[in-house]
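K.L.:
Each chain, letter by letter, is given below.
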Amino acid sequence: MTSDSIIQVRGLQKVYRTGDVPVRALRGIDLDVARGEFLAVIGPSGSGKSTLFHILGGLAAPTDGEVIVDGQNIRDLSDARRTELRQHKVGFVFQKYNLLPTLTALDNILIARYLARQNGPLSDDFKRILDLLGITKRLDHKPRALSGGEQQRVAIARALVNRPAIVLADEPTGNLDTENSTIVLELLRAINHDRGQTILMITHNPEAAAFADRVVAIRDGRIAVDNPG
Amino acid sequence: MINKLVFENLKHRWVRTVLTAVVIGVQVTLILTIVGLSKGMLQDSARRARGVGAQIWLKPEGSSSFTLASAQVNEKFVGFVSKQPHVDTALGVLIAQVFGFTSMAGVDYDKFVEMTGGVKYLAGGPLRQPDDIVVDQYYQKQNSIKVGQTLKILNHPWHVAGVIEEGKLSHLIVSLSRLQSLTGNTGRVTQIVVKVDNPANTQTAVDQLNTVLKGNLHAVSIDELTSLYNVNNLPPLKGFINVITALSIFVGFLVVFLSLYTAVIERTREIGVLKALGAKPVKILDILIRETILLAIFGCIIGILLSYAAKAVIMWYAPAFLQVVIVPDWWPIAAVIAIVGALLGAVYPGLKAARQDPIEALAYD
Ligand SMILES: Nc1ncnc2c1ncn2[C@@H]1O[C@H](COP(=O)(O)OP(=O)(O)O)[C@@H](O)[C@H]1O
Ligand SMILES: [Mg+2]
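Top to bottom, those sequences are chains A and B. Residues in the first sequence are numbered consecutively from 67, following the numbering used here. Residues in the second sequence are numbered consecutively from 2, following the numbering used here.
Check the hints yourself; a few may be wrong.
[What the hints assert, rightly or not] Listed next, the in silico DSS-like pairs over lysine-lysine satisfying Cα-Cα at most 27 angstroms (straight line):
# : chain 1 : residue 1 : chain 2 : residue 2
1 : B       : 215       : A       : 203
2 : B       : 112       : B       : 215
3 : A       : 208       : B       : 281
4 : A       : 203       : A       : 193
5 : B       : 5         : A       : 193
6 : B       : 12        : A       : 208
Just so you know, these hints were derived from the structure itself, not from any lab.
Looking at chain A on its own, in the form it has when it is part of the complex (with noise of 0.2 angstroms):
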């Protein structure tokens, strides 16, 4: 266990209890993700690659195991405390792209940063990750006005507005052409690289998972393979 990991998880399990059978979703999952790392996470369906982002991201709570988050144990943490960690420390980044249809991509921005309670004016940090995204001139429509290349970049932008420590990305390219896929993993990247922003991505897709320094595949559960690339 590094001291400059930003996410440590030892003996992670997680079993879901709501239907009649329990499902053990994650099995006893060790992974160390060092800071400022880009990570693919890949696996089948129903691995439990979701699962583990959801509680790395404080939206559900573990079964059992340990799950260090930027130093805070997510165990010890009340809802509230999740509730804050999602709020600072991680942005997530969905397949659905997840935009509320209703407001317009900036809105849909600035609303993370409302629910975050940071006022202001974007910072020109901030601005200049928009015209890197390409979203600048786009910002005045409905997510239902755009492509899906665009609702993707700014779901990007909703993640990082508040300079998240962490961004957990669950098959950001899962809907998108090869095009639009390329755009999206080149800009996690450069993110990733200027900004030293830790980046764990899920992906279906092989080539997508090789713009990541490394990837790990879940199996049932568990860790399968954990190969630095």
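Guided by the hints, dock chain B with the ligands onto chain A, whose structure is given.
P.N.:
Here is chain B with the ligands on its own, set in the frame of chain A:
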């Protein structure tokens, strides 16, 4: 920011928003119209009392009120009141409900004429026989009544003796003793109206009457009564308004419940996203409560506008019987009723949304 989200959400499903607000609005209109109707009727009665030259109303002590039709005043007070200083004429009036808001007045006809200072007949003449009736021009016009015809009112055949000008005490005037025996109120009247020797002495006369009649009757100047009007002065209507209020709250509850419940289900994913972005459950509740209050406020605005329309319709439909006024002093009360109903309706959907697990919402990835 949050207000923008609330506003955009309402705009996004504008048909649902408008329908919900209209239902709330109809409830608000109902309340405003009933209150406006009772106030209008009171003002109209006051106007018609002034029309015969009266300045003071005397009612039984305790029911400081304007009861529509109950006879609790002993007739012997009429003579007593007429002997008091500053009192020019005192007229005992028995009011009988005919139907709805229409009533007829039984009076000592000669005194009625004396108090009014002469009555102008548009057709026919004064009461002569016990079963004679005098109608005013409104009632005559509305029912196309001719002098000499028989009118069946309160299951009794009345002979139309004359048509008088509008604005004199009542639309229908009959003999006091006949109406007393017909309604089983022998020896009793509903109210006494008083004409003072000089309108400047009205307040003095009111004070004096209240001193000598203490424990029996209560005097109010007609001007004061109409300006001090509130619904509690109208016991028979108070119960009715309570029922309408309860109904409004219930309907507001139902419509907001349904509307918000669908909205919450429809927005499962969006609520999950807000939570993933760091919204606490109370923030989700906050958003829905704002949405609800905004809906209720839209409903109130619609309701207030509709109350003008309702007034126009009522005044056009039945000017002789119904008088409606707009009651701005009741706008805040109706708004509170609408908001309370709406907030009750928001409780369950709101808690459902606040408790919703964001992962399940996002699990469709
Ligand atoms: N909220 C939930 N309730 C119950 N079971 C769940 C829930 N989320 C995921 N699961 C189950 O947990 C397992 C892992 O799911 P998931 O983490 O979504 O895998 P992946 O993202 O790799 O496809 C699956 O069997 C899935 O059905
Ligand atoms: Mg998944």
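K.L.:
Now tell me, hint by hint, if it's right for this structure.
P.N.:
Okay, the hints, checked on the actual structure:
1. B:215 with A:203: Violated, at about 82 angstroms.
2. B:112 with B:215: With Cα atoms ~25 angstroms apart, residue 112 of chain B and residue 215 of chain B stay inside 27 angstroms; holds.
3. A:208 with B:281: OK: residue 208 of chain A and residue 281 of chain B at ~25 angstroms, within 27 angstroms.
4. A:203 with A:193: With a Cα-Cα distance of about 11 angstroms, the restraint between residue 203 of chain A and residue 193 of chain A holds, given a limit of 27 angstroms.
5. B:5 with A:193: holds (22 angstroms)
6. B:12 with A:208: holds (13 angstroms)
When held up to the earlier numbered hints, the structure conflicts with hint 1 and nothing else.
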